[in-house]
Each structure stands twice: as C-alpha cells, then as structure tokens.
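Let the sequences and hints guide you as you build the complete structure.
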Amino acid sequence: MDNKTVESLPDGVRCTIIIYTVILIAFGTVGNILLLSTIFYKRFRRSLPTEATEMTAIGTQKLRTNSTSVVRTPITPAVQQRLSIADQLLSVLTVTDTLCLWIIVTRYLVHLSTDYDIRTYSVAACKFHTFLTMILSDASTAILCIFAAHRAVCIRYPLISHHWFTRSRMKIITLVAFLFIMSKHLPSLFLFTLLPIPNGLKCDVREDTSVYNQIYYNFEFITHAIFGYLCLIVANILLFVSLAYTNRVQTAAQAGSGESPASGLQIARVILLFSFIQLITAVPFFILIELSGLYELFLLPDSTQLIMYYILTLAIFSNCGINFYMLLGISERFRKDFAILYQGIRRQFTRRKTIAK
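Residues in the sequence shown are numbered consecutively from 1, following UniProt numbering.
Simulated from the structure, these hints should not be mistaken for laboratory data. Every value quoted in this text rests on a predicted model; they were computed, and no experiment measured them. Some clues are possibly wrong.
Here are the computed lysine to any residue pairs in the SDA-like style, where the Cα-Cα straight-line distance is at most 25 Å [as the list claims (entries may be wrong)]:
1. K127 to T223
2. K127 to R206
3. K336 to R347
4. K184 to S210
5. K184 to L288
6. K171 to L273
Label-pair ranges, simulated between beta-carbon atoms [claimed, not checked]:
7. F349 to I215: 34 to 42 Å
8. S183 to H163: 25 to 33 Å
9. F349 to F276: 37 to 45 Å
10. A125 to T166: 37 to 45 Å
11. I103 to I160: 33 to 41 Å
12. L132 to A26: 31 to 39 Å
13. R248 to S122: 56 to 64 Å
14. Q305 to V22: 19 to 27 Å
15. L132 to R206: 13 to 21 Å
16. R206 to H163: 48 to 56 Å
17. K353 to I226: 21 to 29 Å
18. S122 to D208: 17 to 25 Å
19. L179 to I226: 14 to 22 Å
20. V95 to E207: 35 to 43 Å
From the three backbone atoms N, C-alpha and C, an ideal C-beta is built for every residue, glycine too.
Okay, here's the thing in structure tokens:
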C-alpha cells in the first residue's frame with residue numbers, strides 16, 4: 001500500500017471509507033472502554049461488604065424519594081474477588097481489539113486522509129508498526145480460539161474444566177500463545193525496511209532477502225490463515241455441539257423454573273457469535289487478498305482489487321469494535337451489570353450536583 005495506490009481510489013469511495021473508519025474507531029473505543037468498565041466494576045461490587053452492596057443497590061431509590069432513613073443489615077466482611085476465567089479472557093480480547101483499532105485501523109485512516117503512511121516516518125516506525133500489526137492480528141484470533149475451546153469444555157465437562165483449566169493454567173496458555181506469536185513475527189524486524197518509490201517511500205520487505213521473505217510469508221499464512229482459523233472452526237464446532245447438548249439436557253429435565261439462562265451459557269453463545277463473524281469476514285480476505293497476492297493467482301481484477309482490499313480489511317477489524325454492543329444485545333446478565341454501572345455513575349453526578357448547590 002503506497003501513496004499512488006491510495007490516490008487511485010475514487011473520491012466517493014475514499015470519503016465513504018474514511019467516514020466509516022472514524023465511526024468504527026470512535027464507537028469501538030467507547031464500547032470497549034464501557035465493556036472493561038463493566039467487568040471491573042462488577043468485580044469491585046463483589047468485593048464490597050454486604051451492607052455496602054445492598055446500600056448501593058437501593059441508592060437510586062433513596063435519592064429519588066429524598067429519604068433520610070438508613071437501612072442497616074449485618075455487615076459481611078469484604079472478600080477480595082478475582083475475575084472469572086471468562087472475564088479474564090474477555091478483558092484480554094477487549095484490550096487486544098482496542099489496540100487493533102488504534103494501531104492498525106488508525107494507520108488506514110491517516111493514510112487515506114492525508115496520503116501519508118505513518119510507517120514511512122522512519123525505519124524504526126516501519127519495523128515496529130509492522131511487528132505490532134502482525135502480533136495483534138494473530139492475537140485476536142488466538143484468544144478467540146482459546147475462549148471458544150474453554151467455554152466448550154466448561155459446558156460439556158464442567159468438573160474436568162474446574163480441575164484442569166484453572167485461572168493460573170489459562171493465564172499460562174494465553175501467555176504461551178502470545179510468546180509464540182511474538183517469536184513467529186520477530187523476523188519482520190529484520191525483513192522490513194523503507195524502500196524508495198517514484199513518489200516517496202514505502203515500508204516493505206527488503207529486496208535482498210527474497211528467499212527469507214517467501215519463507216516468512218508462507219509460514220505466516222499457514223500458521224495464521226490455515227492453522228489458526230482451522231482451530232477456530234474446530235473450537236466453534238465443539239462449542240456449538242456443547243451448547244446443543246446442554247439445551248437438550250435442560251429441555252429433557254424440564255426444569256421450568258422460569259429463571260434466565262446461566263451466565264456461562266450466555267457467554268458461550270456470545271463467543272460463538274464472535275467467532276462466527278470473525279470467520280465469515282476473514283475467509284474472503286485470506287482467499288481474495290492474501291492467497292491471491294502470495295501465489296499470484298489474480299482472483300480480482302485490477303480495477304477492484306484496491307477497493308476490495310479496504311472493504312475486506314475493515315470488515316475484519318470491525319469485529320474489534322462490536323463486542324460491547326453484541327453483549328449488550330444478547331446477554332441479559334451483562335445488561336444488568338451495565339445498568340448497575342450506569343446507575344453508579346449517575347449517582348456520582350447527582351451527588352456532585354447536590355454538593356455544588
């Protein structure tokens with residue numbers, strides 16, 4: 001991607017992509033911040049003594065009625081609560097997605113808006129931005145694989161999951177995945193550099209390392225596009241089968257208590273949807289762009305290749321900005337947790353206004 005190719009985009013298409021990119025970064029960042037805030041506020045509330053928690057729950061009603069009465073209940077000592085494994089993985093996924101928006105998507109926005117590629121600022125910028133881009137792209141897929149596989153085991157074999165997949169072991173699994181991804185992309189720090197082009201510079205692989213370039217690109221394509229997404233497909237199938245089995249068991253048991261589904265099942269359904277969207281947006285990109293460019297298949301005509309590149313790329317990274325909104329629409333438990341966070345923020349503003357008066 002260089003300045004000449006960006007300038008070849010039709011003005012209407014270019015303007016549309018810029019507007020969409022701004023909306024994606026803005027709404028995605030706000031949503032991810034709210035998602036992380038909800039997760040950690042839920043942990044904070046669980047760490048409060050029982051009396052403080054109950055007073056928080058009735059605080060809004062007290063403010064509305066201007067009642068001066070105080071409800072006292074026996075105080076249960078505060079217990080330091082840790083994030084559940086699902087919340088831990090969801091937090092890591094959300095942080096990774098936010099970094100994708102600000103490191104990867106922002107580059108496209110700046111390039112399309114100003115015809116300036118931030119990778120061409122210096123050789124160091126070229127190397128490290130490429131390195132971070134590769135890591136974040138792979139990490140998002142890896143976390144989804146781990147998340148989906150963990151949820152499938154938790155639902156189908158809860159005792160095995162409780163015994164073998166502890167918090168410490170899940171942290172180790174996640175850390176090992178990150179270390180593998182980082183080590184896999186270390187060659188990019190040596191292969192990429194700034195190359196002269198007729199209208200400036202571009203960040204690309206060095207011309208004197210063509211053999212190593214081919215090895216690196218093939219290894220990256222096999223591990224990420226083939227092995228990574230094959231694992232994601234398998235994890236999705238296992239998760240879908242586990243959910244179907246659990247639904248059949250619940251139907252056969254006819255619990256009929258009228259209670260809402262367990263939060264673990266809701267999280268599993270959300271992760272299944274996350275993974276499915278990731279698959280349907282990534283597969284066309286890898287076939288039409290990555291595979292076509294790597295093996296010179298020319299699956300797209302030259303007139304539409306650049307437009308399809310941006311459409312498919314932004315479709316993939318759109319997944320980084322929709323987690324909060326999907327959870328809000330699907331998970332009843334998450335909506336309740338977010339409502340408590342919203343009420344807490346609202347009370348703080350109400351108290352400040354009261355004190356100011």
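Cross-check of the supplied hints:
1. K127 to T223: 21 Å, holds
2. K127 to R206: 11 Å, holds
3. K336 to R347: Holds - the C-alpha atoms of R347 and K336 are around 16 Å apart, at most 25 Å.
4. K184 to S210: Status holds; Cα separation ~18 Å.
5. K184 to L288: 24 Å, holds
6. K171 to L273: 23 Å, holds
7. F349 to I215: 34 to 42 Å: 57 Å, violated
8. S183 to H163: 25 to 33 Å: Given range 25 to 33 Å: holds, Cβ gap about 30 Å.
9. F349 to F276: 37 to 45 Å: Holds: the Cβ-Cβ distance is about 39 Å, inside 37 to 45 Å.
10. A125 to T166: 37 to 45 Å: With Cβ atoms ~41 Å apart, the hint holds.
11. I103 to I160: 33 to 41 Å: At roughly 38 Å between Cβ atoms, I160 and I103 fall inside 33 to 41 Å, so the hint holds.
12. L132 to A26: 31 to 39 Å: Violated, at about 21 Å.
13. R248 to S122: 56 to 64 Å: Holds - the Cβ-Cβ distance for R248 and S122, about 59 Å, lies within 56 to 64 Å.
14. Q305 to V22: 19 to 27 Å: 24 Å, holds
15. L132 to R206: 13 to 21 Å: 19 Å, holds
16. R206 to H163: 48 to 56 Å: Given about 50 Å between the Cβ atoms, the range holds.
17. K353 to I226: 21 to 29 Å: Roughly 57 Å apart at Cβ, these two residues miss the hinted range, so it is violated.
18. S122 to D208: 17 to 25 Å: Holds, since S122 and D208 (Cβ atoms, about 20 Å apart) stay within the stated range.
19. L179 to I226: 14 to 22 Å: 21 Å, holds
20. V95 to E207: 35 to 43 Å: 37 Å, holds
Against the hints set out earlier in the document, violations occur for numbers 7, 12 and 17.
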